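K.L.:
Based on the sequences and whatever the hints tell you, model everything.
As a plain string of letters, each chain reads:
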Amino acid sequence: MSLSRTGRRREKRDGRFGTVLVVTGAGILAVVALAVLLGPLFTAWGPNEIDPSAPTLAEPGGAHLFGTDVNGMDVWSRLLYAGRVDLGIAIAAVAVAVVLGSVLGVVAGYFGGWLDDVLMRLTDIFQAFPTFILALAVAALLGSGPVNLTVAIALVNAPAYARLVRAEVRAIRDLTYVDAARTSGASTIGLLWRHVLPNSLTPVRVIAPLNCGWAMLTLAGLSFLGLGIPVPDAEWGAMISLGTGDVVAGRWWTSVPPGIALLVCVLGFSLLGEGLQERADRVRR
Amino acid sequence: MRVLRFVVRRLLQLIPVLLGVVVLTFLLVRVLPGDPIRTILGPNATAADEAAAGARFGLDRPLWQQFTDYLSGLVTGDFGTSIQSGQSVGGEMALRIGPTMELVVLAVAIAMVIATVVGLWSARHANRAGDHGIRVLALVGNSMPEFWLGLVLILVGYAGLGWFPAPSGRVDPDTDLTPITGADALDALLTGNMPALTSSLWHLALPVLTLVIVIVAPLLRSVRASALEVLRSEPYAAAEAHGLPGRLLRRGYLVRAALVRLPSLAALVFGFSIGSTVLVEYVYSWQGFGQWALRGLLYRDYPVVQASVLVIAFCYVVVFLIADVVHAMLDPRVRI
Amino acid sequence: MADSPHFSRRSILQLGGVGAFLLATGACASGSKNNPSSSSSGGAKSSTLKIAVSSYISSWDQDFVGFDLTALMLYKNVFPYMIDYGVKTVGGSKILDTENIMPTFAESFEPDAEQKVWTLKLRKGVKFPSGNELKAADVKWSKDRAFAAQANVAGIYRTIGLTKPEQVVVVDDYTVEFHQEFPSALTRQIQAISLYVFDSVEAKKHATDADPWAKEWFAKNPPTGGYFNVTKATQGQEIELTANDAYPGPDPAKTKTIRISVVPAAANQRLQLQAGDIDIALGANPRDIRDLKKTSGVAVLSAASNSQVAIQMSTTTAPFDDVNVRKALAYATPYEQIIKNVYGGDARPTKSVVPLDMPGYSEKGYPYTYDIDKAKAALAASGRTSISSELVFQTDNDEQQQIAVLVQSEARKAGIELKLTPLDPATLADRRGKKNIPLQITSGQLWVNDVEYMLATSFVQGANLNYANYTNPKIEQIYQQSHTTVDTSARNQLWAQVQDIMAEDVPWVVICQPNFNLPVRESVAGWVQPMDGLARLRYLGTSA
Amino acid sequence: MSLLSIENLSVVIGGRVAALSDVSFTVDAGEVVGLVGESGGGKSMVGRAIVGMLPTGSVATGRVGFDGVDVLTMSAERLAHHRGHGAAMCFQNPRGALSPTRTAGRQLLDRLRTHQGMDGERARESAVELFEAVGIRSARRRLGAYPHELSGGMAQRVMISLATGCAPRLLIADEPTTGLDVTLTAEILRQFRHAADTDGRGVLLVSHDINAIAAVCDRIVVLYAGTVVETGPASRVLTAPAHPYTRALLRSVPDLDGRPVVVTPGAMPLLREAPAVCPFAPRCAHAEDDCRTSRPRLAEQGAQWTAACFHPLHDAVEAGQASDVTVGAPARRAAPAARAEPVLVVDDAHVVYKSRFGRGGHHALRGVSLTVAKGERIGVVGESGCGKSTLARLIVGLAKPTSGSVTAARSSLVFQDPIGSLSPRRTVEDAIGEPLRALGVPAAERAGRAAAVLDRMKLDRSILARRPHELSGGQAQRVGIARALVAEPDLIVFDEPTSALDVTVQAQILAVIDEVAADRSHGSVFISHDLATVRGFADRVVVLYLGRIVEEGPVEEVFARPRHPYTRALLSRGVALVRDLEEADATAGCALAARCPFVTDRCRGEDQQLQQYGESRAACWRVPEIGELV
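Residue numbers (my numbering), protein chains in the order written: chain P, 3 to 287; chain S, 33 to 368; chain U, 7 to 550; chain C, 105 to 734.
It should be emphasised that the hints constitute simulated quantities derived from the structure, not laboratory data. Just so it is clear, the structure is predicted and the values come from calculations on it, not from any experiment. C-beta atoms are modelled at their ideal positions from N, C-alpha and C, and glycine is treated no differently. Some hints here could point you the wrong way.
Here are the computed lysine to aspartate or glutamate pairs in the DMTMM-like style, where the Cα-Cα straight-line distance is at most 25 Å [said to hold, decoys possible]:
#1 C:Lys458 with C:Glu661
#2 U:Lys211 with S:Asp110
#3 U:Lys346 with P:Glu51
#4 U:Lys238 with S:Asp206
#5 U:Lys346 with P:Asp235
#6 U:Lys425 with P:Asp119
#7 U:Lys441 with S:Asp92
#8 U:Lys226 with S:Asp110
#9 C:Lys562 with C:Glu533
#10 U:Lys262 with S:Glu82
#11 C:Lys458 with P:Glu51
#12 U:Lys262 with S:Asp110
#13 C:Lys504 with P:Asp118
#14 U:Lys440 with S:Glu82
#15 U:Lys480 with U:Asp511
#16 U:Lys382 with P:Glu51
#17 C:Lys504 with P:Asp235
#18 U:Lys238 with S:Asp208
#19 U:Lys260 with S:Asp92
#20 C:Lys458 with P:Asp119
#21 U:Lys419 with U:Glu342
Here are some, though not all, of the chain P residues that point toward chain C, as calculated from beta-carbon distances under 7 Å [unchecked claim]:
#22 Thr178
#23 Asp181
#24 Ala182
#25 Ser186
#26 Ala188
#27 Thr190
#28 Trp195
P.N.:
Below, the structure written as C-alpha cells:
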C-alpha cells in the first residue's frame with residue numbers, strides 16, 4: 003500500500019502549475035517569434051540603415067519608437083531583426099548540441115567499456131574548456147559570423163547532453179523490453195534506433211528549452227566582449243554593449259530595451275523548461 | 033582510508049583530462065590567426081626587431097620543442113613569461129586568482145544557502161502562492177544577462193542610491209591591506225585589518241549580488257525538486273505513519289535526503305559562474321582572473337592563454353571531485 | 007561632500023519598468039549620498055590628485071615592455087629623463103614646445119659644429135633615492151641595455167644614425183658623447199623621449215648571468231628617481247606617486263602626491279568624475295565628454311592635437327592599386343558628417359597628410375572634399391562602375407566603429423560596397439604583417455613633430471606603420487636628403503614637394519584631427535597638452 | 105469491546121472512485137485477522153483509514169473505532185499519538201519504506217524515543233533486543249547497516265521491529281509475504297502470530313494471497329471491489345467458503361496436491377459509487393436474476409460467519425462444480441511419444457558474472473546439464489538466487505556460458521514483468537511483429553500474422569493500436585506470449601510468467617500457457633518459484649538450488665516421493681531447514697550443507713552428483729537413509 007500520496011492538505015492542485023508554466027512560456031516565445039519574424043511590417047528602417055534626418059542618440063518618440071543608437075540607427079527595428087539572429091542561433095546551436103550529444107551518449111552508454119571511457123574523457127575536456135576560449139577558437143577557424151557561433155555554442159553544450167543521454171541509456175539497456183528485442187533477433191542498430199534512443203530522450207526534451215535560454219545568454223555574453231556578432235550588425239548582446247556607455251548618461255533607450263528583450267525571451271524558455279520539468283516529474287512519480 | 037583512496041584514484045584520472053586540455057590549448061592558440069609579437073613592437077620596429085622579440089619568447093623554435101619546453105616548465109611550476117608584460121605568468125596569475133575565486137566561492141556559497149533554505153520551505157508549501165512566486169522570481173533572475181544586470185545594479189546602487197562604493201578596484205588603498213592570497217576580504221580577515229575588511233566587503237557586495245541572482249535558480253529548483261521527491265516518498269510516509277514528530281522528520285529524514293544531489297549541481301553551477309565572472313569582472317572593473325585571461329586571449333599571449341585555460345580546467349575538475357566526495361559522504365548508497 | 011549628480015537620478019526614474027522593479031528592492035535614499043564605505047572619496051585633499059586610467063601598466067621595465075601607452079606615460083614621470091620639451095601657450099591652452107628642448111636632470115646637451123657628435127654634460131651631486139650619484143656610467147649602462155632590448159629606443163635611435171652601443175662614449179664621470187653616423191634635425195626630439203637613465207649600480211646587484219640586464223627585478227620593482235617616486239603600487243588597482251625633492255632641474259612637481267587608479271570601463275570613469283571620486287579621467291570617450299561639459303563641478307580642458315584619423319588604402323592590392331579608385335573613396339567620405347556625428351564638431355578638418363601645426367604643413371596636401379558626383383566620375387575613370395571591398399577597424403574603438411558605419415553608407419552611394427570587419431588587436435597585427443588589409447581606419451599621434459619622422463614611420467619602404475604599402479621613389483629620395491638638411495627653410499621646401507606628390511598619389515583618406523579633450527574637476531589646473539600623447543604630471547596642481 | 109471496530113466505512117476518492125463501500129469488521133487484542141482480496145479491491149485503503157492517512161481529496165464516511173475513539177475525527181495531537189503507538193504499520197516493500205540515508209538502528213531509536221520515551225544506552229539495549237526478537241543475528245552490527253545493505257528478508261524483519269518499537273496496540277502488516285521465499289514467509293508469519301499471542305497485540309494481515317496467510321489467521325475478511333463479501337473464522341472460510349469469490353480465490357491458485365485450477369473469467373470492476381447489485385455477479389457461475397437486480401447484505405452462515413450472497417455455497421472447496429473450467433489436470437495429458445529430437449541441450453554449463461572491480465564474482469550456475477525434446481514440457485523450480493533466471497537467459501542466448509555449452513533451436517522468451525517487456529513508445533502491433541522484422545518478413549505480412557496470433561490469445565483486435573501503458577497486466581502478458589509464438593519457435597521459455605499478476609488473472613494466463621504448451625510442435629520450459637504452478641504445467645520437473653540441479657524426475661514421482669532434503673523442505677514434508685539462505689553458502693561440497701538437518705562431514709567435503717533413485721535422480725548420498733530419519 004503506497005502511502006506516499008498521503009493526505010497533506012497543503013498540497014493542492016498538484017501539477018496544474020506545470021501546465022500554467024508551459025502555456026505562459028510557450029506564449030511568450032510565440033509572441034516574440036511572431037514579432038521578430040513579422041518585424042519588417044512594424045518598422046520602416048533596415049537593421050543597419052542610418053536615418054540622416056535624425057541626430058544620433060535621438061530620444062525615443064517621433065519617427066523612432068525607441069530613439070536612435072550611437073550610429074544613428076533605429077533601435078526598435080534593430081531590436082526586431084536582432085531577435086532573428088539570437089533566436090535562430092540559440093535554437094540551431096541547441097539542436098546541433100542535442101544531436102551530437104545524443105549520438106555520443108548512446109554510443110558511450112550502450113557499448114560501455116573503453117569506448118565509454120574515451121568518449122567521457124573527451125566530453126570532460128570539452129566541458130572543462132572555458133566557453134570564451136572555445137568560442138573564439140571556433141570563430142577563428144571557421145571565420146566570424148552566425149554559423150561559427152552556432153557551432154561554438156553547440157560544442158560547449160554538447161557534453162551536457164552526452165552525459166544526460168549516456169546515463170539514461172545505461173539505465174535502459176538492461177531493461178526487460180530491450181532484452182525482449184534482443185531475443186527477437188533485432189540488430190544492434192535497430193535496437194538502438196527503435197527501442198533505446200526514443201526512451202532515453204525524455205530528459206533531453208525537458209532540458210533543451212532551458213538550454214536555449216542559456217545559449218542565448220552565452221551568445222549575448224560573447225557579443226558583449228566583442229567575440230560574437232560583429233558590432234554594427236543587429237544582435238541583442240552587441241546592442242547592449244554598444245549602449246553601455248550611454249545608460250550612465252541617462253540615455254537608457256540604447257541598452258535597456260535589448261536587455262529586456264533578452265530577459266523576456268530567455269524567461270520564456272525558462273518557464274517552458276520548468277513547466278516541462280514539472281510535468282515530467284509528475285508523470286514519473 | 034576509503035575517501036583518500038577514492039580521491040587519489042580520481043586525481044590520477046584527472047591527468048589525462050588535464051594533459052588533453054594542455055595539448056588542445058597549445059595547438060589551438062597557435063592555430064588562431066593573430067600575431068602575438070607585432071602587438072608589442074613600437075612604431076619604429078623593423079623585421080629584425082620582430083625576429084629578435086620572437087626569439088626572446090622561443091617562438092622561433094620548432095613546435096614540438098616549444099611544447100616540450102612548455103611541459104618541462106609546467107612540471108616545475110614555471111608557466112613561462114607573458115609576451116605582453118614580460119613578467120612571469122605564474123606571478124601575474126597568483127595575484128589574480130584570489131579575487132576571482134573569492135567572488136565565485138562567496139557567490140556560490142550564498143546561493144547554496146539561499147537555495148537550501150528557500151527550496152526546503154518552498155517544497156514544504158508546494159503549489160501554494162508563495163511557492164509559485166519564489167520559482168518565477170528565481171527564473172527571472174536566471175534569465176537576466178549578468179553583464180546587463182551588473183550595469184543596472186551599478187546604476188541603481190552607486191550612481192542612484194550611493195549605497196555602494198565606486199565600481200573600480202576591490203578595496204580602498206588607504207586601508208593599507210597587505211596582500212597574502214590576493215583575495216582581499218580573506219587577506220583583511222587574516223591580517224585582522226578591520227577597515228580593509230569592511231571596505232572589501234562593500235566592494236564585493238554588488239558583484240556577488242549579480243552572480244547570486246543569476247545562479248540561484250537552478251540550485252533552488254534542484255533542492256525543491258529533491259525535497260518534494262523525499263516528501264512524496266515511501267520512507268517519509270512510513271516515518272510519518274509511525275507518528276514521528278515534525279521536527280525529527282525534517283531534521284532526520286528530509287534535509288539530508290534532499291541535499292544529496294546538491295553538491296554535483298553546485299559544481300556545475302561553479303563551472304558556469306567561472307564563465308560569467310569574466311563578464312561581471314568587466315562591468316565592475318574587478319581586475320580579476322577573467323579579464324586577465326581574456327586580454328591574454330585577445331593579444332594571443334600564448335603563455336597567458338595556456339596557463340589560464342589550464343587553471344580554469346583544473347579548478348573545474350577539482351570542484352567536481354570535491355562534489356563527488358561530498359555526495360558520497362551524504363549518500364551512503366554511493367560506494368567509493 | 008560632493009552631492010551625487012542630480013540629473014542621473016532623474017534619468018534612472020525615467021528607466022520605467024526595470025528601474026521601478028529594481029528600486030522596489032531598495033528604499034530610494036533621498037538627500038545627499040551617505041557613502042558608508044570609508045573610502046577616501048571625501049573632499050580632495052589639497053595635496054592629492056586622483057587620476058583614472060583605463061588599464062594597469064603591464065611592466066615597470068621601460069626597455070623590455072610591450073607597446074603600452076599608459077606605461078610609457080608613467081615612465082615619463084618616474085624615470086630621470088636628461089632633457090625634455092619646454093612649454094608654450096597657444097590660443098589660451100599650454101602645449102609642449104617641440105622646438106624648445108631644454109635639459110632637466112642633465113646640465114646641457116649640445117651638438118658639435120656638424121651636429122654629428124652630441125655631448126651630454128651631467129649635473130654634479132644628483133642622487134638616486136638609493137643614494138648612488140647619477141654618473142656617466144649610469145647613462146652608458148642604460149643605453150647599452152636599450153640597444154640589447156632591441157625595442158622602442160633602438161628603433162628610434164636608428165632614424166638619427168645611432169645603431170651600435172659603441173657610438174655612446176663615456177668621456178669622464180659627468181660627460182657622455184653620442185657619435186651619430188649622420189647629422190639629424192630630429193636628434194633633440196628623439197633624445198627627449200629616449201634619454202632616460204637607470205640607477206645602474208643598484209640594478210647590477212640583481213643581474214645574474216642568466217638575466218644580465220636584471221629583467222625580472224626591473225619588471226617587479228617600481229622605479230624611483232624621476233620627477234616623482236612610486237611610493238605604493240597595488241597590482242591591477244592603483245599606483246601612488248610622491249614628488250621627488252632630489253630633482254635638480256626647472257619646474258619641479260606642483261602636487262605632493264598623485265594617485266593613479268585603474269577604471270577600465272569609460273562609463274565608470276565618468277560616474278566617478280561626476281561623484282568627485284577622481285579628479286582627472288584619462289579614459290573617458292567623446293560622448294561622455296560632451297555630457298560632462300554640462301555637469302557642475304567638472305571642466306573639460308580642450309586643446310588642438312596632432313592626432314590624425316585616416317583610412318589607409320593598400321596601394322598594392324586591387325582595386326585600390328588604381329589611384330582613381332583611391333580618389334573615388336576620397337571624394338565619397340562624408341568628412342563634415344563624421345566631425346558632426348562622431349566628434350560633435352570638436353575636430354579640425356585637415357587638408358594634408360602632414361598633421362596641422364607640424365612645421366611644413368600646406369593646404370594643398372589633400373585637395374579632396376565630400377562630393378558623390380566626383381567620386382562616381384573618379385570610379386568611372388578607373389574603368390569600373392562599382393567595386394566591393396573590406397573596411398577594417400579595431401573592435402574596442404567606438405569612434406572608428408562609428409566612422410566605419412558612416413563611410414560604409416556614404417560609399418555605397420558612389421558604388422563602393424564596403425564590408426565592415428572589426429578585428430581584435432592580435433588578428434589586426436597579424437593581417438598587417440601579411441599586408442592583406444585593403445582598407446583600414448587608423449588613428450594616432452606621431453612621437454616626433456617633424457615630417458622626416460612622419461616619412462620614416464609611415465611613408466617610406468618598410469616603415470612599420472606604412473599599412474598602405476606605399477612607395478614612391480621621389481619620396482624615398484627626399485627622405486634621404488632630409489637627413490642631412492638641417493636648415494629649416496630648406497626642410498620646408500622639401501616638405502612642400504612631399505605634399506604635392508601625396509596630393510596626387512593620395513595613399514590615405516585623411517578624415518580629421520580630433521581635438522584633445524580632458525574632463526577634469528574644476529579644481530584642477532596646469533594641464534600641458536603633450537604633443538607625444540604622454541601627459542607630464544609635474545605641471546598639474548589642484549586648488550581645491 | 106473490540107480493539108478496532110470499523111462500521112460501514114465508505115471512502116470515495118476525487119469524487120469518481122468508490123474505493124470502499126460500507127466496510128465493517130472488528131479486530132480484538134491478541135487476535136490475528138486476515139484481510140484478503142485482489143489488488144484494487146480496497147485492502148490498502150482500509151489500512152490507511154486506520155492510521156488516518158487517506159489520500160488527498162478523498163471523502164470518508166462511517167466510523168473507524170479504535171479503543172472507542174473514531175480515528176476519522178481525531179484531533180491532530182491525538183492522531184500523532186495514535187499513529188505508531190495506537191496502530192503501527194509494516195509496509196509492503198520494506199527496503200523502500202526505510203529512509204535510505206539513515207541507519208536502520210537510528211530509525212528504530214527514533215520510534216523508541218518518540219513512543220516509549222527511551223534515550224541513550226537504554227534505548228540502544230532495547231533496540232538490540234527487538235532486533236534479536238525478530239530473528240536478526242549479530243544485531244548490534246546490523247544497527248549500523250543502511251537499508252540498501254539489507255537483504256529482502258532482513259529488511260522485512262527490521263520493518264517489523266520498527267513497528268513493534270512503537271509499542272502499538274494494533275499491528276497492521278501490508279503484504280508481508282510478497283517477494284519472499286517459501287521458507288522465509290513461514291518464518292515472518294510466525295513473528296506476527298508471536299506478536300498476537302505473547303505481546304497481546306491485535307494483528308491485521310493484509311494480503312492478496314489467501315493461501316499464504318491462511319495458516320496464522322484466526323479470522324478472515326474477504327474484500328471484493330471495496331465491499332466485504334465474506335468474513336468468518338479461518339477454519340470454516342478456508343475449507344468451505346460461502347461466497348463464490350472466496351472459492352474462486354482459493355481455487356485460482358494451484359496447490360501442492362495437484363488439484364486442478366478453476367479459471368474465473370473477466371476482471372474486477374473499478375466502481376464509481378457504492379454498488380447497487382452484487383459486484384461479483386458478472387463473473388459468478390452461480391449468478392441468477394436476484395444477484396443482478398439487488399445487492400446482497402451480509403447474512404449469517406454460522407457462528408460469527410457472514411457472507412454477502414443470495415445463494416451461498418456449502419460444500420467443501422475441493423468438491424468440483426459442474427460449471428468449473430479447470431486447467432492443468434495432470435492425468436489428462438498424454439505422455440510424449442518416443443524421445444523426439446532435442447530442441448535444447450545444455451551440457452555442464454557454468455555462468456559467472458564478473459563484478460566491475462575484478463575480484464571474485466557471482467557464480468550463478470555451477471555445472472547444469474539439461475535436455476528438452478520437441479513437444480516436451482519441462483518445469484524448473486527454485487527459490488530466488490538459485491540461478492533460474494540466469495538459466496532462462498542462457499537458453500535464449502541473452503547470457504553466454506563461462507564454460508560448458510548450450511545448443512538451442514530457435515527459441516523465444518516470455519518475461520515475468522509483462523508491461524516492462526513491451527517497449528513503452530511502440531504499439532502492440534509493432535511489439536508482436538518485432539521477431540518477424542528480424543526475419544525480414546515484409547510489413548503487410550507482419551501485420552496479418554500479428555493479428556492472427558492475437559486472435560489465438562482471445563484478445564480483441566482493437567488492442568493492436570494501443571500502447572503498453574494502456575494494457576492491464578493480463579492483456580500485456582497475452583501480448584508477450586503472442587510475440588513469443590508469432591515466429592513459430594522450436595522452444596518457448598516462460599520465466600515466472602504469472603508471479604507479477606493478480607490471482608484470478610494468474611489462472612487465466614495459466615490456461616493460455618497450458619493451451620500453448622499442449623501444441624507438441626515445440627518444446628517448452630516453465631520456470632517458477634511456486635511448486636504448485638509448475639506441477640500443473642510440466643511433464644518433468646527440475647529443482648535448482650544455488651546454481652546446481654539437486655533433484656530431477658517425472659512430476660508425479662518428484663511430488664509424490666521427494667528424495668533430496670531441499671525438495672522435501674519445499675514440499676514441507678517434515679524437513680525444516682536450519683536457517684536463512686546466506687550468500688557464502690555455496691562453496692565446497694553439497695550446496696545445502698550449511699542448512700541441512702542431516703549434514704555430515706562427508707556432505708561438507710564431497711561434491712554431490714545426481715544419482716538415480718527410482719524414476720528420479722537426486723544429488724545427495726544419504727537419500728536412502730533419510731527415509732527413516734524423517
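K.L.:
I'd like to know which numbered hints this structure contradicts. Please list them from smallest to largest.
P.N.:
1, 6, 10, 11, 12, 17, 19, 27 and 28
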